[in-house]
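Enquirer: Letter by letter, the sequence shown follows residues 238 to 389 in my numbering.
Fair warning: there could be bad hints in the mix.
[Unchecked claim] Label-pair restraints from in silico Cβ distances:
no.	residue 1	residue 2	range
1	264	353	20 to 26 Å
2	296	377	35 to 41 Å
3	382	257	17 to 23 Å
4	387	275	25 to 31 Å
5	274	347	17 to 23 Å
6	328	267	23 to 29 Å
7	240	376	35 to 41 Å
8	265	313	28 to 34 Å
9	239	376	29 to 35 Å
10	368	267	34 to 40 Å
11	308	284	32 to 38 Å
FYI, nobody ran anything at the bench for these hints, they're computed from the structure. All of these numbers come straight from a predicted model, not from anything done at the bench. Yeah, the Cβ is synthetic: ideal placement off N, Cα and C, and Gly gets one too.
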Amino acid sequence: MQKIEILVGSMLGATEYVADAICEKLQEMGIPNQLHLKPDIADLDRTALWLICTSTHGAGELPDNIKPFSKQLEEQHFPHLSYLLVGLGDSSYDTFCEGAKQMQKDMDKTNAELLAEPILVDVLQHPVPEDEVIAWFESDHIRNKIQSWLQR
238 MQKIEILVGS MLGATEYVAD AICEKLQEMG IPNQLHLKPD IADLDRTALW
288 LICTSTHGAG ELPDNIKPFS KQLEEQHFPH LSYLLVGLGD SSYDTFCEGA
338 KQMQKDMDKT NAELLAEPIL VDVLQHPVPE DEVIAWFESD HIRNKIQSWL
388 QR
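Based on the sequences and whatever the hints tell you, model everything.
Expert: This is how it looks when you write it as structure tokens:
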């Protein structure tokens, strides 16, 4: 059966909570998944759907734990890989969700397919970001995208 790899970029833990909530939802759906708190290309199933959850740190940078993964992507080519993207950020900064935007650019260079528009969650508007992400994840649009991918 197909599975979902959940890759996490987090400095303070909020993105980890989001990823944990997604893991629980996938388990309820009976979809195998694996959480990667320090994503490494060598540990990832390239036939899986990747769900990348990342925050933004500092002046629009990726969190430290996912920077090495971002660097690894420079040398990769994934024309058959599909992914979804979740970004967390604070709209009071002009670098709102730049971490997720950078990750999308990195993945685009690998020729991976983005299954749906990323969700960019403003933690000022949604102090419990996992609630907003789970609502997105449970939407008909995202569920249909995942179900279609699982049937490939």
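Enquirer: State for each hint whether it applies.
Expert: Here is what the structure says about each hint:
1. Evaluation of the 20 to 26 Å hint for residue 264 and residue 353 yields a pass: the beta carbon distance comes to about 21 Å.
2. The supplied range of 35 to 41 Å is met by residue 296 and residue 377, whose beta-carbon atoms lie about 37 Å from each other.
3. The hint said 17 to 23 Å for the Cβ distance between residue 382 and residue 257, and at roughly 21 Å that hint holds.
4. Remark: the range hint 25 to 31 Å for residue 387 to residue 275 is upheld by a beta-carbon distance near 26 Å.
5. For residue 274 paired with residue 347, a C-beta distance near 21 Å keeps the hint of 17 to 23 Å intact.
6. A beta carbon spacing of about 36 Å between residue 328 and residue 267 contradicts the range 23 to 29 Å that was offered as a hint.
7. For the pair residue 240 and residue 376, the beta carbons lie near 21 Å from each other, so the given range of 35 to 41 Å is not met.
8. Evaluation of the 28 to 34 Å hint for residue 265 and residue 313 yields a pass: the beta carbon distance comes to about 32 Å.
9. One distance hint, 29 to 35 Å for the beta-carbon pair residue 239 and residue 376, is violated here, with the actual separation near 20 Å.
10. For the pair residue 368 and residue 267, the supplied restraint of 34 to 40 Å is violated, since their beta-carbon distance comes to about 23 Å.
11. Between residue 308 and residue 284 the Cβ separation comes to about 23 Å, which falls outside the hinted range of 32 to 38 Å.
In this structure, the hints that do not hold are numbers 6, 7, 9, 10, 11, in rising order.
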